[in-house]
Amino acid sequence: MKEFMENRLKIKRKVLVVDDEAVNRKMLEKMLEGSYEILEASNGREALTVILDNQDTLSLVLLDLLMPVMDGYELLSLIENDVNLKHIPVIVLTSEKSAEVKSLNMGAADFIPKPYDLPEVILARVNKTIQLYENINIVSATQYDELTSLFNREFFMEYCTVIDQYYPDTDMDAVVININRFHVLNEMYGRPFGDELLKKIAASVKGYVRENRGIACRYHADMFYIYMPHTDYIEEIFRQIVTDVSDKLEDAGGRIRVGIYPRVNRRLDIHRRMDCALLACNSIKGKYNAHIAYYDSEMREKEAYAERLMADMEKALSEKQFVVYYQPKMAIQEGVPHLTSAEALIRWQHPELGMISPGHFIPLFEENGMIRKLDRYVWREAAAQVAAWKNTYGITIPVSVNVSRIDMLEPGFIDEIMNIVKEAGITPDEYMLEVTESAYTEDSDRIIEVVNDLRSAGFRIEMDDFGTGYSSLNMLSSLPIDVLKLDMRFIRNIHTNPKDLRMVVLIMDIAEYLNLTVVAEGVEFKEQYELLRQAGVHVIQGFYFSKPIHPDRFSDFIKERIEYDNSREA
Amino acid sequence: MITVEKLNELGCNTSEGLERCFNDEEFYLGLIPEAFSGERYKALDEKVKAKDLEGAFEEAHAIKGVLANLALTPLYDVVSEITELLRSRTDTDYSPLLNKMWDIKAKFDAEL
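Residue numbers (numbering that gives the first Met the number 0), protein chains in the order written: chain Z, 0 to 569; chain G, 0 to 111.
Hints were generated in silico from the structure; no laboratory data involved.
Derived DMTMM-like pairs (lysine to aspartate or glutamate); straight-line CA-CA distance at most 20 Å: (1) Z:29 <-> G:15; (2) G:106 <-> G:4; (3) Z:525 <-> Z:486; (4) Z:198 <-> Z:243; (5) Z:525 <-> Z:333; (6) Z:113 <-> G:18; (7) G:5 <-> G:24; (8) Z:96 <-> G:80; (9) Z:284 <-> Z:249; (10) Z:25 <-> G:25; (11) Z:29 <-> G:18; (12) Z:29 <-> G:33.
Please model the complete structure; the sequences and the hints are all you need to start from.
Next up, the structure:
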């Protein structure tokens, strides 16, 4: 820093010499003028004026103690008690041993005894003090979050480690605070409103946490981390914080969530401990009357399970522990219900944990990026299966696979999927791609372009989970799709809720107008099936006909389909 | 014009004083008249006589500091003795010490 300022910026730091004796001032000036710009004052009052005029650029005060008008002690006290001045180090000039101790206790950085030591010694002490304070000031400026004045995340984590080192036997609690829909509030009410909210939370947190000898930081955006000695009253503390900010927050439609990991396990590193509190915090994301959640044994088990799955992923892929199951899609409008196609669905046959459903492992694959490998594994297996059935039974049973938005935005995606189909020896029209409705909401132009290319290449496109996104009727008419797959939520209560049924009927009208095939998935009961058939839904997928099954067991459906085809021909 | 040799003859430890001035003789010698000028000596004398021992201590302490830095030993020794008595607010007859101070100072003044 010193080198940078002197060599690059050609700036000399300023040092103020305060002494009522001109001879003493001149001697110090002689010693320091080669390295510093020297300012002078002959008493405390004069010095204070110089300091105030130069408070942002002054690097050091060399201060005599016994002076007329205002002595050195008084000036030192003023400097140390002024938040705007206390960053300026003061070295006291004195011949008294007792004065050395007193001034150091009052906040002086160092002392220089009188008569003066050799100039080299004084210069070295001055250099050292300035360097030390500059480092302290830099550290102090970078350790706080500018908006809330809480620690920033790096220093928070560092201080947590320090607390652990100094208090290894103290039980500690980790807490995470987050706000539901904060970005929406920011958008609705503007950034200043959001900032005020964060400041209010920070002020409340600061007060209670400090009282309990803890530390807090704004981890990012609307997330706060707290680490504090364990107290049995922790819930009361955070309930109070919730109360402090709820008025402003809830009026605006937001909600504060607190996740508490009490008596943290010290064997976990600090990031993992905070993750546990975050897990608790996120566990009440959708529970609108819950503000506080604890990290408990159930979460611990879930997490241990997730960790195990993450650790086993690579091996599972290389050992082909993943099995693609197929769920039949049954055409129901013509004749008896018969197999028309199937959806490929992944299962993990874990050698020790048994069959694992995708709900448990897909989010983990998405989290660590391995979903890309897994998707391609499914695509290949499904294409090979279509070819295998074709070879065995002489009939094409098209299979649909899920394709994510990310997949479609990847360069070379179309070539890749074409190669998979070609390598399996089938044609694109024997293979279907399911794209969720929500995939169209971002980069929709680019997605539509890719989907158009895929359709031109011969693939059929199904819009999955239709009804969960926000497709406008106008947008729907322009989307390049062949099939609408109704979201399960419409189907679940269709037999008990007339509104859901009316919605399906409405969608059927639209689909008919747009000439789209409609698939209803998640159909479990006969009542649902009957209503959907009457509403005109073309294809049914769900436990009513079959759960997803191993390809070996799928042959029964194919044989029935062949019989159906034969009977129609006859 | 005072010289380093003259100061040595008067008993000063000039090598020590010069070291504090990067051995810059001209600078060092330029400071000597300032160490003897001013009102401090007079103020010290007056405050002692007026029994303002606190005020006198501050004057003596300031003079002592300058003399120590310039290593003007003979005068430093006597002012140092006065300072220590004043520090403890000793109520004594300071005339002999003050006279000695004036005598030594006069010798320096004669060379300036």
